[in-house]
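**Q** We have chain A; now place chain B onto it with these hints.
Chains A and B, in that order, are what the protein sequence lines are. Residue numbers for the first sequence follow our numbering, beginning at 1 and rising by one. Residue numbers for the second sequence follow our numbering, beginning at 1 and rising by one.
Because the hints were derived from the structure by calculation, they are not lab data. Among these hints, one or two may not hold up.
Just so you know, same-sequence chains aren't split out, so a pair can sit in one copy or run between any two.
Cut-off 30 Å, straight-line C-alpha distance, at most; resulting in silico cross-link-like pairs (DSBU-like, lysine-lysine) [claimed, not checked]: (1) Lys337 x Lys141; (2) Lys227 x Lys159; (3) Lys102 x Lys141; (4) Lys102 x Lys159; (5) Lys300 x Lys102; (6) Lys159 x Lys80; (7) Lys141 x Lys315.
Number of protein chains: 2
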Amino acid sequence: MSLKQHVPWTQSPLIINAPMGGHAGGDLAIAVTRAGGLGQIGAVYDMNELASHLAKVEQSLPRHDDLLPVGVGLLPFVLKLDEALPVLERYRPAVVWLFAAKELEDYAVCAERIRSVTPMSQIWIQVGSVAAAVSIAELCKPDVMCVQGIDAGGHGFEKGAGIISLLPEVADALTVAGHGGIPLVASGGITDGRGAAAAFALGAQGVVMGTRFLSAPETQLHPAYRKAILAARDGGQNTVRAKLFDELRGPNIWPLPYDGRSIVTESYTEHAGGAGIEEIRRLHAEGLKAEDGGYGLDGKGRTAMWAGTGVGLVKREQPAAEIVEEVRRQVVEMLDKARSRL
Amino acid sequence: MSLKQHVPWTQSPLIINAPMGGHAGGDLAIAVTRAGGLGQIGAVYDMNELASHLAKVEQSLPRHDDLLPVGVGLLPFVLKLDEALPVLERYRPAVVWLFAAKELEDYAVCAERIRSVTPMSQIWIQVGSVAAAVSIAELCKPDVMCVQGIDAGGHGFEKGAGIISLLPEVADALTVAGHGGIPLVASGGITDGRGAAAAFALGAQGVVMGTRFLSAPETQLHPAYRKAILAARDGGQNTVRAKLFDELRGPNIWPLPYDGRSIVTESYTEHAGGAGIEEIRRLHAEGLKAEDGGYGLDGKGRTAMWAGTGVGLVKREQPAAEIVEEVRRQVVEMLDKARSRL
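Looking at chain A on its own, in the form it has when it is part of the complex:
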């Protein structure tokens, strides 16, 4: 079954919101799906919370081919599969998006058990290297591979490439390995119709945006965090990848290959300047109690503000549906414009 057939309510080009844990809930997923995109919910630990988001979706949107027209993002390295499976079985989302396993083999275990309870749901797996893409294709034949470039905000692979080179190399390597049929969707730095058009030119069949959707009121976000997103400029200079952001509340629980990209914070700057982690954690805990929740502007924040390098292109609050429609329209315009300028 083609990607398009599996998400029959979507309009082309396919726009997807990243399943941002703690931020992408039912409201965002509903708005994105209603606008003809693939809306997604990001789960972390709490499967009751996921169930309540999915219940909201079920009340709001018709099923397609017996599936809820949304995706659910799960993190295998912290996932209690026994708690997740009944929720997936009950709601049967169109897509289950897996990201961040301790070992690549864990994706296969996860995928098999999920398929056993909701066989029609597609399994999408996010990768950040060519080697991982080929291994994962062999291990668990995902229905879609989500190729995440180094520009992405939030968690991703500490080492990597932008999608400009990563997506084509993954495509070629999968073809050589006999898995050329797996559709690829792209993420990492895609923030408006220009980046999205570029991803389609690279060969992607869909584009995933996270940072851009932080501007949507449907996304669950502290107002000061949203304010920092709208204020940030020059994303390559004012965001940074670091493991420190996962150390602020205590020891880092993420597997070794991962870190996260955040707006540059005071915690980061002081730590890079030599301040010890205990002192950084103490100041972070204090910052959380401030009115801005530790989400300060202009590098004065203490807590992580996940954002991709495209954050400088996000300048105003905008409903999710408007983002989906605008980017979809711009993709066509940019491709036509590029073609006509040649």
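**A** Structure of chain B alone, referenced to chain A:
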């Protein structure tokens, strides 16, 4: 004058070779220009050497509007302008590409003096951040801005973003600052027609490739270096940006904002593992005497092997003209394909 009018011998879409110091000489520039691209020569210290490359171009290619149909890359931070100016005055290349100044103001000084000896030559300046793009536009109104993403091989900005977000944000910021008329060309990770098509979709008016041209026999390259380029895969994992590569022969002379991306070498791995710089330099000096010139395969090299994240897409030796023609054709194909798939 539009970019296209200034390089009237070129065919659309515009393909440019990066002015790779020590590697891009007259032969490469001639081949690229003959194939309808913009060929460039990369100079470092030796202006006599630059003159001899330009003399070769002059013997091989007709002038256009009194200009030699090639570009010359210069590094302001090491440039002896008094030695460079007579060469530029004598040969009058169509483009002078500036990159890496100690202070942004140095670009203005450089541009003014170059314009005084060869007023018809265009000044192109390479930038890696939005802030630098706006400042440079104000300071010296370059004819073209070369937007280099973090995926680029060789020297560039230590901190930054991929072109997927950088190019659109630079374009918007220049427009807001009243410099929207400056054409942008893109570099960083562009390795084949897919990456090039993506860059045009982003709004670039030309694409610059470095790593890809390392496969061309016209590029000056130790055979073992070329072999390492053709063998490398998974560019995001097997290349790395580091200042270490500029420390191998002695103290780093590059201004603070710059580092370089190389294939991961034994020098890098050992240094990251704690080996002192003196020991690393000693082993590097020894490595240079080996048959492979220190350019070993599979991470066993000692010396820098500049390469972008797209290196995994470079798999065979290929004449420069063939690269130019192939990428030009693929750009059109990829844009048409992307558009028709929507």
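**Q** Against which earlier hints does the structure fall short, listed by number upward?
**A** none
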